[in-house]
Amino acid sequence: MRINNLDDTFATGGEDNLQHAIKLYGQPLLRYCHNILCDYFEAQDAVQVTFIKAYKKRKSFKKGTSLSAWLYRIAYTTCIDSLRKKKLLFFMPQTKIDSKSFVLNINNDSNFISEELRLALLTLSPAERALVFGRVIDEKSYKELEAIHGVSATTLRKRYERAKIKLSKALQEADFYYKELEVTNSYK
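The opening residue of the sequence shown carries number 1 in UniProt numbering; numbering runs sequentially from there.
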């Protein structure tokens, strides 16, 4: 099934259209969610929830619009909701979550990004991570990102520039830290 055909028939289609959407957008959405959440297993859950929501709300999908942008928007809100729930759990007194593991969310099974990049990405807000990922990895235009984030292309362009600077500083600090560590260890 072609993308345009899927865009036109998703709202009225059944499970076959959902299967085609999963095949077409499953991996890109997984990378997108992983970038926002910085946890591979949570990203898998978010993608599943995204497709469940999309299937349940397929009647609200407007014919002639981009299914890709619609799915990315659902994935984005699902990831943000997941982060909010996690934050809420962190502040609830009856739960026992180590604050350090909550902030860093250490996961050695993350296949998509290195530990250094993951830690640098965690200095960005989830919205900034989603924007950087959309521009750099998915190579989406500001017009496409506008449909996903619900913010004007001009605003997104400025946010992207700020996020790039913030990420660059975090990576430079990490590089400086590792160089200092190497120098310190060489004297031992």
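Watch out, some of these pointers could steer you wrong.
[Claimed, not checked] Dumping the calculated PhoX-like pairs for lysine-lysine here, alpha-carbon to alpha-carbon at most 20 Å:
| # | residue 1 | residue 2 |
| --- | --- | --- |
| 1 | K158 | K169 |
| 2 | K143 | K158 |
| 3 | K86 | K57 |
| 4 | K87 | K56 |
| 5 | K86 | K63 |
| 6 | K63 | K53 |
| 7 | K143 | K62 |
| 8 | K143 | K63 |
| 9 | K143 | K169 |
| 10 | K140 | K169 |
| 11 | K164 | K140 |
| 12 | K62 | K85 |
Think of the hints as simulated: they come from the structure by calculation, not from any bench.
Everything numeric in this text was worked out from a predicted model, so none of it was measured.
Hint check:
Between K158 and K169 the CA atoms are separated by roughly 17 Å; this keeps the pair inside 20 Å, and the hint holds. Under the criterion of a C-alpha separation no larger than 20 Å, the hint pairing K143 with K158 is consistent with the structure, at around 14 Å. Of the pairs offered as hints, the one joining K86 and K57 is violated, with about 25 Å between alpha carbons and a cut-off of 20 Å exceeded. Annotation: proposed proximity of K87 to K56 is violated, straight-line Cα distance about 27 Å (limit 20 Å).
Simply put, K86 and K63 have alpha-carbon atoms about 35 Å apart, too far for the 20 Å limit, and the pair is violated. With a C-alpha separation of about 17 Å, the suggested pairing of K63 with K53 holds against the 20 Å cut-off. For the given pair, K143 sits about 18 Å from K62 by alpha-carbon distance, which is consistent with the 20 Å threshold. Annotation: proposed proximity of K143 to K63 holds, straight-line Cα distance about 18 Å (limit 20 Å).
Distance hint between K143 and K169 is unfulfilled; the C-alpha atoms sit about 27 Å from each other, more than 20 Å. Taking the CA atoms of K140 and K169, the gap is about 24 Å. The hint is violated against a cut of 20 Å. Using a Cα cut-off of 20 Å, the hinted pair K164 and K140 holds, with the two alpha carbons roughly 16 Å apart. Among the hinted pairs, K62 with K85 is inconsistent with the structure: their alpha-carbon atoms are about 30 Å apart, more than 20 Å.
Hint check: violations occur at hints 3, 4, 5, 9, 10 and 12; the rest are consistent with the structure.
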